[in-house]
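**Q** Top line first, the protein sequences correspond to chains B and D.
For what it's worth, this note's numbering labels the leading residue of the first sequence as 14, then goes sequentially.
For what it's worth, this note's numbering labels the leading residue of the second sequence as 86, then goes sequentially.
Calculated from the structure, these hints are not laboratory results.
Below are the DSS-like pairs computed for lysine-lysine, each with C-alpha atoms no more than 25 Å apart in a straight line:
(1) LYS299(B) / LYS247(D)
(2) LYS495(B) / LYS465(B)
(3) LYS268(D) / LYS247(D)
(4) LYS154(B) / LYS237(B)
(5) LYS528(B) / LYS247(D)
(6) LYS528(B) / LYS235(B)
(7) LYS268(D) / LYS80(B)
(8) LYS143(B) / LYS198(B)
(9) LYS383(B) / LYS420(B)
(10) LYS388(B) / LYS424(B)
(11) LYS143(B) / LYS169(B)
(12) LYS247(D) / LYS80(B)
Remember, it's a predicted structure, so these values are computed and weren't measured experimentally.
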Amino acid sequence: MSKQENGRYPTEGNSITGDSLENVQGGFNRRDMMRTLLAGSLMTVGSAGLLSASGSAMALPPKRGGKMRIATQTSSTADTLDPAKTAHSTDYTRVHMFYNGLTKLDGKLGPQMVLAEEMQTNDAILWTVKLRKGVTFHDGKPLTPADVVFSLMRHKDPATASKAKVLADQIESVKASGPNEVQIKLTSANADLPVILATAQFLIIRDGTANFSMPNGTGAFKCKEFTPGVRTIAVRNEGYWKSGLPYLDEVELFGIPDEAARVNALLSGDVHWINDVNARSTGRVKSTAGYTVMETRSGQYTDLVIRQDVAPGNSMDFTLGMKYLMDREQIKSAAFRNYAVIANDQPIDPTNRFHFAGLPQRPYDPEKAKFHLQKAGVLGSTIPVVASVAATGSVDMAVLMQQSAQKIGLKLDVKRVPADGYWSNQWMKVPLGFGNINPRPSADILLTQFFKSDAQWNESGWKNAQFDQLVVAARGETDFNKRKQMYADLQTLVHEKCGIGIPVFIINLEGVSTKVKGIDPVPLGAFMNYTCAEYIWLEA
Amino acid sequence: MNGMVPRLILRRLAVAALTLLLVSACVFFITNLLPGDAAQTALGQAATPETVAALRLQYGLDVPAPLRYAQWLGNLLTGNPGMSLVNNAPVAQMIAGRLPASLMLAAVTAAVSVPLALFLGIVSAMYRGSVFDRTVNVSAVSLVSVPEFLVATVAVMIFAVKLRWLSALSHTNDATTVAAFIKAYAMPVMTLCCVIVAQMTRMTRAAVIDQLRSSYAEMALLKGVKRTRIVLRHALPNAIGPIANAVALSLSYLLGGVIIVESIFNYPGIATLMIDAVTTRDMPLVQACSMIFCAGYLLLVLTADVLAIVSNPRLKTR
Numbered sequence: 014m015s016k017q018e019n020g021r022y023p024t025e026g027n028s029i030t031g032d033s034l035e036n037v038q039g040g041f042n043r044r045d046m047m048r049t050l051l052a053g054s055l056m057t058v059g060s061a062g063l064l065s066a067s068g069s070a071m072a073l074p075p076k077r078g079g080k081m082r083i084a085t086q087t088s089s090t091a092d093t094l095d096p097a098k099t100a101h102s103t104d105y106t107r108v109h110m111f112y113n114g115l116t117k118l119d120g121k122l123g124p125q126m127v128l129a130e131e132m133q134t135n136d137a138i139l140w141t142v143k144l145r146k147g148v149t150f151h152d153g154k155p156l157t158p159a160d161v162v163f164s165l166m167r168h169k170d171p172a173t174a175s176k177a178k179v180l181a182d183q184i185e186s187v188k189a190s191g192p193n194e195v196q197i198k199l200t201s202a203n204a205d206l207p208v209i210l211a212t213a214q215f216l217i218i219r220d221g222t223a224n225f226s227m228p229n230g231t232g233a234f235k236c237k238e239f240t241p242g243v244r245t246i247a248v249r250n251e252g253y254w255k256s257g258l259p260y261l262d263e264v265e266l267f268g269i270p271d272e273a274a275r276v277n278a279l280l281s282g283d284v285h286w287i288n289d290v291n292a293r294s295t296g297r298v299k300s301t302a303g304y305t306v307m308e309t310r311s312g313q314y315t316d317l318v319i320r321q322d323v324a325p326g327n328s329m330d331f332t333l334g335m336k337y338l339m340d341r342e343q344i345k346s347a348a349f350r351n352y353a354v355i356a357n358d359q360p361i362d363p364t365n366r367f368h369f370a371g372l373p374q375r376p377y378d379p380e381k382a383k384f385h386l387q388k389a390g391v392l393g394s395t396i397p398v399v400a401s402v403a404a405t406g407s408v409d410m411a412v413l414m415q416q417s418a419q420k421i422g423l424k425l426d427v428k429r430v431p432a433d434g435y436w437s438n439q440w441m442k443v444p445l446g447f448g449n450i451n452p453r454p455s456a457d458i459l460l461t462q463f464f465k466s467d468a469q470w471n472e473s474g475w476k477n478a479q480f481d482q483l484v485v486a487a488r489g490e491t492d493f494n495k496r497k498q499m500y501a502d503l504q505t506l507v508h509e510k511c512g513i514g515i516p517v518f519i520i521n522l523e524g525v526s527t528k529v530k531g532i533d534p535v536p537l538g539a540f541m542n543y544t545c546a547e548y549i550w551l552e553a
Numbered sequence: 086m087n088g089m090v091p092r093l094i095l096r097r098l099a100v101a102a103l104t105l106l107l108v109s110a111c112v113f114f115i116t117n118l119l120p121g122d123a124a125q126t127a128l129g130q131a132a133t134p135e136t137v138a139a140l141r142l143q144y145g146l147d148v149p150a151p152l153r154y155a156q157w158l159g160n161l162l163t164g165n166p167g168m169s170l171v172n173n174a175p176v177a178q179m180i181a182g183r184l185p186a187s188l189m190l191a192a193v194t195a196a197v198s199v200p201l202a203l204f205l206g207i208v209s210a211m212y213r214g215s216v217f218d219r220t221v222n223v224s225a226v227s228l229v230s231v232p233e234f235l236v237a238t239v240a241v242m243i244f245a246v247k248l249r250w251l252s253a254l255s256h257t258n259d260a261t262t263v264a265a266f267i268k269a270y271a272m273p274v275m276t277l278c279c280v281i282v283a284q285m286t287r288m289t290r291a292a293v294i295d296q297l298r299s300s301y302a303e304m305a306l307l308k309g310v311k312r313t314r315i316v317l318r319h320a321l322p323n324a325i326g327p328i329a330n331a332v333a334l335s336l337s338y339l340l341g342g343v344i345i346v347e348s349i350f351n352y353p354g355i356a357t358l359m360i361d362a363v364t365t366r367d368m369p370l371v372q373a374c375s376m377i378f379c380a381g382y383l384l385l386v387l388t389a390d391v392l393a394i395v396s397n398p399r400l401k402t403r
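This is chain D alone, in the form it adopts within the complex:
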């Protein structure tokens, strides 16, 4: 290993910091291009020139944009993401109220979807061409092609409205018992699994099949090694790189991309927070959310890359 992985991590972290900086600048200046500012949107139809002017002054929007960006960046470096313009609360506090809920949903979904996807992917790779493989493939492709709002709405209509097993909304505040927890998370998690399991399953299947086609797997087969052993002992470790990447990509979606699930189940996550921030032109909040999404994404991709290197002896000794 000789320090190769730590060096890589350090280098990647430096690149990540630079990426975050560039992203924050892009987000800031692009949101500035959006029609209307926080003062105008806050007043909406009731805006008059003098109230808009007074509100701009309160929000500090009279300061030129580049200067505002510099101020924001300076504050962030000292650990202060600023105050929300719209409701005058600290951004950190607003995010602290929502981020745990988002992470919880992501964690539960990951805990269900990753093992499921790996299992389906590996088994369908082992029995490729079989009825099982085809069924998994067809259902995966169909599920991924159905928009999630449809999956969610149909699920609600069946399980909440018709059967009345689950509630239409995700009352996570009441989720103190195991039963209540399952009740609150069952449908959001199921909907999200429909979206991300398919991708991971297909990637896993492809990666494992790729390895099974190689000459070392054929050799093992000729030597009479059992099929399960070939897959688990020989093929899988070599397929970890691509699988980890697919998993990382799917999971990064769980942080910022679950807006539809959040709004249909009334789940108080961070994706809705970001949408609110954009529609109200609440710049500090938009910036903070985009930083979190970006950092989360970079972290997941970094983890996947490190996993790929660690699992690949050729890369380890380079």
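Just chain B, with the same shape it has in the complex:
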């Protein structure tokens, strides 16, 4: 492999199937190849249920036409067509119908090129992005470098109120460097840029767009109706640049906040696909002919947050004692009805290629918990712990921990607070509480945004200089094996020292009509990481 070709991303047609950029950059050797293939096959096991479900349909050619209805768990007047402001599954699903990103993620969370034809770098700081030719916006204007510059740079302006501002801050500049080319310069090396650009907020809009009452994107669908809090109707973009796509004529997207109502809507045939199915409803969906439950493993977790800067969390013994107090098996079965994977107090889940499986599992150990809590001097006292339905399963987790604590003479006072305002007023502010972290596309994003000392959402206020250095080093490291070792060390540090207790990773449950074909899940979010509308078709 010549130096020139290092770091070159192929186009979608002939993509690398391996899931790491590092492999390409550092050149393959046999062991790397084996590892990559192994990682790939493990992933397949993770989503095996689904592959077999849709596998039979692969024999039939996709069918064009039809109207699909998708119902999500939330929708309000805050619904938006501005990619920068998208906040939840409904928004992500909506904007992915109308816009394209430079890249997207495949089933192994590896980046695939979309509006970018290739991305090239030598140092992971300066990236050259070749744009696809012949792509037009819904208003007929062709895609130009100016659109990409505008779409990426606007996130850095606080007034845009972008949800991805923290991610965009590592972009120093984006400049047009040719008629079909842009150069992205980062503030420091980040080998994951193609992954980051697949985030919904970075979808490409027209240069200068200020009014988002109607979308003007390059996406597979055009907007027929958008009423915030009511519904979105998308119709096929006849001039879509991917030939043959989309298959569907029309997609109607709306929210049904009540879970029981959402499941009923699916089972009565009113909608084809719903997300956020409660574990309690899985039996009902599975037992109804024509419907299936789709389980996607992902890195979503609800964690116990022990603030390290105030009592009692400022005692390392207290933090450790609380981690030993978590009965992970019980939390998995009682709080999540077994739709969860046991976690080990570190945030990189088994679907991630950098997951460190060799880290010894922390058990539920009341004796050790008692030892540490006694050392911390809290036994016999009452400690408040804040839980809310806003953090999925946290109320159950808190109650289970309360029972375990009672057995060793610690009184946990569970304070249930409403979901309304939880993230702005309780999260990261109370000494002992819960957070709920959605899966992030890369290990680096997760560690940088939630664990680094200066992280915006450093939930437990944990400060560790060694960790910070290692995160930055791992981000710029282009050798896969070295990088994997670094991430293993990072996971060990979080597991041992950080004020976060992660008992389980939550399995994402969706309900789908078996008429829906062409599903290829992405272990990051519902609805094929919110891009399903473009790829699926309805069987008659």
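Take the given structure of chain B and dock chain D to it, following the hints.
**A** Same frame as chain B, but now just chain D:
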């Protein structure tokens, strides 16, 4: 009558305006006490101090609260309820999209429930103590005690999921034919009727029975007047006051209180709009919705009072 009713209406309208003013002030300052503002809730978990500050500036939240209230009030008096903070659309336009749907649901429900309740109430009053009366009473009390989300969910499970007669959601946009209209409204209306019919039936029954117990009704009975005639000709006109009040109270619930029905059937009404506005701290929208609910309530109560006066000769000539 000698102008007594118009004077009353005018006086009541003035009081209503004052009430609206007080309510708007209360709602504004209480919503301000809620934790977090529109900028913080819009950014949610992704909030950083600088984006929150920038958004506050855009939303005009940097202006002190009393000043914001004064601005809002000034705009409202000139007929402009302002712009929604969250999605930058005129509040009037957002409400215009939802209010007709809410009024439609309320109208259909009223058209079904009021005659039904009056009929049940009057008949059970006429045959009080009978099997019919007891059945109506027991079922009314049981229905009103069952929470409406249960009624709605069970109805959906039976009629939509099992029998597949109706759809689980209320697709009012497709309701262009009579059949589609019935399909879209059947379950929401049925659920709401379960809640409000009981109240109106019991009030009607009580009011009519009260009149039937009076000496003039006994006199009529002794003179051999038929039972139906006693009820319809003599008792009912005197019972209109309390009945109208009960009906008004029940109907006022249909405007703002149908949040559960709206969310279960995915019905795009104004109650959901208000809930959205509160959760996103969208103050102009909260204010506009509360003004509509309050005005609707006052209007209904006023109508009931006027009806009571008009139907009562003693009050008319006072």
